[in-house]
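Chemist: Chains as they are written, first to last, in the working numbering: chain H, 1 to 426; chain L, 1 to 426.
It should be emphasised that the hints constitute simulated quantities derived from the structure, not laboratory data.
Think of the CB as a built atom: it goes at the ideal place given N, C-alpha and C, for glycine as much as any other residue.
You may find that some hints are simply not true.
[Unchecked claim] When the alpha-carbon atoms are kept at most 25 Å apart in a straight line, the in silico DSS-like pairs for lysine-lysine are as follows: (1) L:219 to H:219; (2) L:341 to H:341; (3) L:98 to H:89; (4) H:162 to H:54; (5) H:341 to L:153.
[Claimed, not checked] If you only want the chain H side, here are some residues facing chain L, beta carbon under 8 Å, derived: (6) 93; (7) 255; (8) 355; (9) 374; (10) 389; (11) 391.
[As the list claims (entries may be wrong)] Simulated restraints on C-beta separations: (12) L:15 to H:338: 49 to 59 Å; (13) H:27 to L:55: 40 to 50 Å; (14) L:15 to H:293: 50 to 60 Å; (15) L:69 to H:11: 53 to 63 Å; (16) H:27 to L:201: 22 to 32 Å; (17) H:150 to L:297: 45 to 55 Å; (18) H:80 to L:7: 52 to 62 Å; (19) L:5 to H:71: 44 to 54 Å; (20) L:334 to H:35: 19 to 29 Å; (21) H:27 to L:334: 46 to 56 Å; (22) L:60 to H:262: 33 to 43 Å; (23) H:422 to L:293: 18 to 28 Å.
Protein chains: 2
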Amino acid sequence: MKILKNQTLSQLLEQVDRQTDQQANQPEVEAAVSEIIANVIKNGDAALKAYSQKFDQVELDDLRVSQAAIDEAYQNADQSLIDALNLAKSNIISYHKKEIQNGFVDAEQPGVVRGEKITPLAAVGLYVPGGTAAYPSSILMNVIPAKLAGVEKIVMVTPPQKDGIGQAVLAAAKIAGIDEVYQIGGAQAIAALAYGTQSVPRVDKITGPGNIFVAVAKKQVFGQVDIDMIAGPSEIGVIADDSADAKNVAADLLSQAEHDKLARPMLVTPSEAFADAVSAEIDRQLETLPRREIASASVANKGFIAVVDNLDEAFTVMNAISPEHLEIELADAMQYLNQIKNAGSVFLGFNASEPVGDYVAGPNHILPTGGTARFFSPLGVSDFVKRIQFVTYSKAALKKEEKAITTLARVEGLEAHARAVEARFK
Amino acid sequence: MKILKNQTLSQLLEQVDRQTDQQANQPEVEAAVSEIIANVIKNGDAALKAYSQKFDQVELDDLRVSQAAIDEAYQNADQSLIDALNLAKSNIISYHKKEIQNGFVDAEQPGVVRGEKITPLAAVGLYVPGGTAAYPSSILMNVIPAKLAGVEKIVMVTPPQKDGIGQAVLAAAKIAGIDEVYQIGGAQAIAALAYGTQSVPRVDKITGPGNIFVAVAKKQVFGQVDIDMIAGPSEIGVIADDSADAKNVAADLLSQAEHDKLARPMLVTPSEAFADAVSAEIDRQLETLPRREIASASVANKGFIAVVDNLDEAFTVMNAISPEHLEIELADAMQYLNQIKNAGSVFLGFNASEPVGDYVAGPNHILPTGGTARFFSPLGVSDFVKRIQFVTYSKAALKKEEKAITTLARVEGLEAHARAVEARFK
Numbered sequence: 001m002k003i004l005k006n007q008t009l010s011q012l013l014e015q016v017d018r019q020t021d022q023q024a025n026q027p028e029v030e031a032a033v034s035e036i037i038a039n040v041i042k043n044g045d046a047a048l049k050a051y052s053q054k055f056d057q058v059e060l061d062d063l064r065v066s067q068a069a070i071d072e073a074y075q076n077a078d079q080s081l082i083d084a085l086n087l088a089k090s091n092i093i094s095y096h097k098k099e100i101q102n103g104f105v106d107a108e109q110p111g112v113v114r115g116e117k118i119t120p121l122a123a124v125g126l127y128v129p130g131g132t133a134a135y136p137s138s139i140l141m142n143v144i145p146a147k148l149a150g151v152e153k154i155v156m157v158t159p160p161q162k163d164g165i166g167q168a169v170l171a172a173a174k175i176a177g178i179d180e181v182y183q184i185g186g187a188q189a190i191a192a193l194a195y196g197t198q199s200v201p202r203v204d205k206i207t208g209p210g211n212i213f214v215a216v217a218k219k220q221v222f223g224q225v226d227i228d229m230i231a232g233p234s235e236i237g238v239i240a241d242d243s244a245d246a247k248n249v250a251a252d253l254l255s256q257a258e259h260d261k262l263a264r265p266m267l268v269t270p271s272e273a274f275a276d277a278v279s280a281e282i283d284r285q286l287e288t289l290p291r292r293e294i295a296s297a298s299v300a301n302k303g304f305i306a307v308v309d310n311l312d313e314a315f316t317v318m319n320a321i322s323p324e325h326l327e328i329e330l331a332d333a334m335q336y337l338n339q340i341k342n343a344g345s346v347f348l349g350f351n352a353s354e355p356v357g358d359y360v361a362g363p364n365h366i367l368p369t370g371g372t373a374r375f376f377s378p379l380g381v382s383d384f385v386k387r388i389q390f391v392t393y394s395k396a397a398l399k400k401e402e403k404a405i406t407t408l409a410r411v412e413g414l415e416a417h418a419r420a421v422e423a424r425f426k
Numbered sequence: 001m002k003i004l005k006n007q008t009l010s011q012l013l014e015q016v017d018r019q020t021d022q023q024a025n026q027p028e029v030e031a032a033v034s035e036i037i038a039n040v041i042k043n044g045d046a047a048l049k050a051y052s053q054k055f056d057q058v059e060l061d062d063l064r065v066s067q068a069a070i071d072e073a074y075q076n077a078d079q080s081l082i083d084a085l086n087l088a089k090s091n092i093i094s095y096h097k098k099e100i101q102n103g104f105v106d107a108e109q110p111g112v113v114r115g116e117k118i119t120p121l122a123a124v125g126l127y128v129p130g131g132t133a134a135y136p137s138s139i140l141m142n143v144i145p146a147k148l149a150g151v152e153k154i155v156m157v158t159p160p161q162k163d164g165i166g167q168a169v170l171a172a173a174k175i176a177g178i179d180e181v182y183q184i185g186g187a188q189a190i191a192a193l194a195y196g197t198q199s200v201p202r203v204d205k206i207t208g209p210g211n212i213f214v215a216v217a218k219k220q221v222f223g224q225v226d227i228d229m230i231a232g233p234s235e236i237g238v239i240a241d242d243s244a245d246a247k248n249v250a251a252d253l254l255s256q257a258e259h260d261k262l263a264r265p266m267l268v269t270p271s272e273a274f275a276d277a278v279s280a281e282i283d284r285q286l287e288t289l290p291r292r293e294i295a296s297a298s299v300a301n302k303g304f305i306a307v308v309d310n311l312d313e314a315f316t317v318m319n320a321i322s323p324e325h326l327e328i329e330l331a332d333a334m335q336y337l338n339q340i341k342n343a344g345s346v347f348l349g350f351n352a353s354e355p356v357g358d359y360v361a362g363p364n365h366i367l368p369t370g371g372t373a374r375f376f377s378p379l380g381v382s383d384f385v386k387r388i389q390f391v392t393y394s395k396a397a398l399k400k401e402e403k404a405i406t407t408l409a410r411v412e413g414l415e416a417h418a419r420a421v422e423a424r425f426k
């Protein structure tokens with residue numbers, strides 16, 4: 001892996017900044033997606049079936065996957081898979097339960113009650129990609145926070161497959177407690193969820209990753225529905241020193257490199273010797289990796305090891321990167337929590353290998369990528385609720401604030417605002 | 001105002017649905033905005049100054065408004081304005097304080113610590129429109145939640161004016177505690193905040209309303225930075241029966257109608273007599289309203305009174321509308337809180353006139369519009385923080401979950417994920 005040595009901090013930061021540049025617009029994809037959305041709005045199910053034939057080469061009678069097919073997939077699944085999914089489910093529930101917010105009521109001022117009511121979204125749609133990127137674990141990660149939020153209807157869409165939807169995916173859908181599954185994919189599936197068709201219910205929010213058409217469609221329907229973040233290639237940042245095991249750090253870096261040729265495995269360390277050791281380990285471990293073609297490309301083109309002067313610099317560089325996953329492979333790792341300003345999910349210490357978070361730890365694995373951890377959060381319960389404000393006033397309480405209201409209204413040139421309050425006293 | 005009588009519930013719902021259709025795409029605006037953003041990224045301050053000359057006919061030496069100018073505006077402001085802004089500030093703080101979330105730590109499983117750290121965004125930008133839509137009250141509503149969240153740098157941008165930035169706006173900026181003010185507007189201001197220039201700092205999130213260029217620019221930079229919701233015309237929905245005062249309800253409806261010709265004043269009532277009385281009151285009150293041209297257009301083209309069979313139907317219709325502001329002008333209004341599923345901010349009872357919420361009540365007045373209250377929330381403290389997950393494992397705790405992790409990793413075809421965990425035990 002490329003080792004960046006003898007660079008100043010500002011040189012490093014500049015390189016990092018260039019790397020996290022946003023992806024370019026793709027006007028042709030935008031136009032194609034617009035057309036698909038308009039067609040689904042106009043023609044509903046007929047458009048969905050036509051696109052399935054055109055893009056997926058599958059002819060569908062029924063867009064919905066029957067409950068019998070879902071039950072059968074669950075019955076036929078290996079017990080070890082069911083056990084693993086159930087352990088994951090239990091840990092995801094116990095973690096996300098702690099995210100549940102209560103509203104509040106405030107009655108501190110005489111005659112005034114103010115408050116906030118936390119209300120679940122009514123319906124949510126989950127996009128599950130087809131093929132090798134259809135991850136059962138992601139179904140749990142998307143659905144469980146929505147369930148805990150109190151969402152009543154959770155719908156899954158996934159591209160139709162010639163030999164039927166993946167059995168592990170359907171088993172996970174059953175374990176997660178998804179209400180309805182539709183075999184539709186691409187931008188047309190996003191359009192169906194955003195606007196509704198004869199078969200597919202309109203939802204309030206769409207979550208889940210997908211290819212470029214899905215990502216562009218989600219961006220286009222944003223506002224008509226809410227969406228989760230726009231997911232980019234996976235990233236792992238590791239801060240480690242000589243006290244870490246180079247073999248483990250290399251293995252963790254490769255665990256994200258195998259996702260995608262554009263995945264970004266990154267190590268920042270104050271130790272040049274450790275940098276060399278990890279680089280050698282990566283080469284060694286790559287040799288026997290089934291997905292070595294993908295992982296090698298990620299390591300060669302997107303990965304780097306940066307050697308810095310000290311741990312403070314390491315944190316500065318890593319906060320500028322704002323990685324999706326961040327491992328702190330240092331002794332007493334927890335003590336560095338304060339220095340972490342930007343990251344999706346943090347793995348502290350020598351045993352918290354990143355894949356533990358992908359599967360069973362409990363924190364969400366739907367995380368902000370591409371530097372967006374500066375401002376986006378992991379998927380969580382709060383993504384599936386909205387806050388509704390409320391206020392009530394006695395006549396006396398309104399009188400007390402009348403002057404302030406009418407003053408501000410008139411400064412802003414909004415006479416009707418002032419008169420609405422004054423009407424109460426006429 | 002148009003009165004809809006003798007319609008079935010489904011007829012009413014259909015009409016409501018058509019009305020909340022999203023605004024159409026505007027490809028020319030999109031293209032113009034793309035070009036402006038690219039130019040600001042490339043040419044920084046020089047591009048900003050050129051656009052000020054072109055669009056605002058103002059030649060600028062310094063993009064930043066000096067602290068002296070801000071202090072002077074504050075000194076020169078009327079005491080009644082300062083008092084009103086300070087009352088508003090105090091109530092906005094006491095309300096939004098209750099929204100502050102704590103993270104959590106969970107140590108329920110031996111050897112495992114999981115948690116969530118709530119971290120403020122580092123920098124936030126606020127767009128304040130020029131001209132008559134530059135509302136001092138909105139500055140408080142945007143800035144105070146960010147301050148309470150712990151945001152360290154809060155930057156305001158507002159279009160340059162030939163005779164300088166509005167004094168009330170600068171006074172409000174001072175009271176709100178804004179750190180830096182820049183006189184730039186339009187799509188170019190959004191680009192500057194999203195990417196940074198020589199003078200203007202890059203921020204993590206941009207809030208605040210603006211014209212179509214600002215709205216489109218915000219949508220285009222979404223992902224590079226976070227944005228608040230895309231604001232549409234103001235809306236007020238009122239549910240009232242004979243127990244309410246038609247004069248007050250009419251005045252409240254007009255308070256939102258005066259904002260915009262596209263504003264939507266809406267009343268749903270089970271009483272035909274009350275519908276007629278409110279309609280007559282609106283005509284009467286419109287006569288003397290300074291902004292009657294705007295308000296009349298809103299009432300005539302966008303407003304309606306729907307007469308329904310009973311209050312349950314009224315709530316069904318109103319939840320389908322999902323109004324930005326919702327007034328419940330019924331006796332014992334608080335008891336209906338449960339029936340409200342979709343609304344930005346709710347005003348309960350006969351005295352909670354909507355403008356009380358625009359100015360001094362304390363709940364935010366930056367609210368979801370255009371039906372987006374189905375899934376968006378009022379601006380609040382949670383908009384200015386991100387959640388960072390963390391986890392740490394003992395070796396024994398990792399061993400216990402090894403099998404579940406490796407099973408799921410291999411079902412998903414991700415061998416390097418399995419090996420990363422197994423590496424710890426080799």
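Chemist: Give a verdict on every hint.
Modeler: Evaluated hints:
| no. | hint | verdict |
| --- | --- | --- |
| 1 | L:219 to H:219 | 9 Å, holds |
| 2 | L:341 to H:341 | 36 Å, violated |
| 3 | L:98 to H:89 | 32 Å, violated |
| 4 | H:162 to H:54 | 13 Å, holds |
| 5 | H:341 to L:153 | 15 Å, holds |
| 6 | 93 | 12 Å, violated |
| 7 | 255 | 4 Å, holds |
| 8 | 355 | 4 Å, holds |
| 9 | 374 | 5 Å, holds |
| 10 | 389 | 4 Å, holds |
| 11 | 391 | 5 Å, holds |
| 12 | L:15 to H:338: 49 to 59 Å | 55 Å, holds |
| 13 | H:27 to L:55: 40 to 50 Å | 25 Å, violated |
| 14 | L:15 to H:293: 50 to 60 Å | 57 Å, holds |
| 15 | L:69 to H:11: 53 to 63 Å | 38 Å, violated |
| 16 | H:27 to L:201: 22 to 32 Å | 30 Å, holds |
| 17 | H:150 to L:297: 45 to 55 Å | 40 Å, violated |
| 18 | H:80 to L:7: 52 to 62 Å | 58 Å, holds |
| 19 | L:5 to H:71: 44 to 54 Å | 50 Å, holds |
| 20 | L:334 to H:35: 19 to 29 Å | 49 Å, violated |
| 21 | H:27 to L:334: 46 to 56 Å | 52 Å, holds |
| 22 | L:60 to H:262: 33 to 43 Å | 41 Å, holds |
| 23 | H:422 to L:293: 18 to 28 Å | 22 Å, holds |
Comparing the model with each earlier hint shows violations of hints 2, 3, 6, 13, 15, 17, 20; every other hint is respected.
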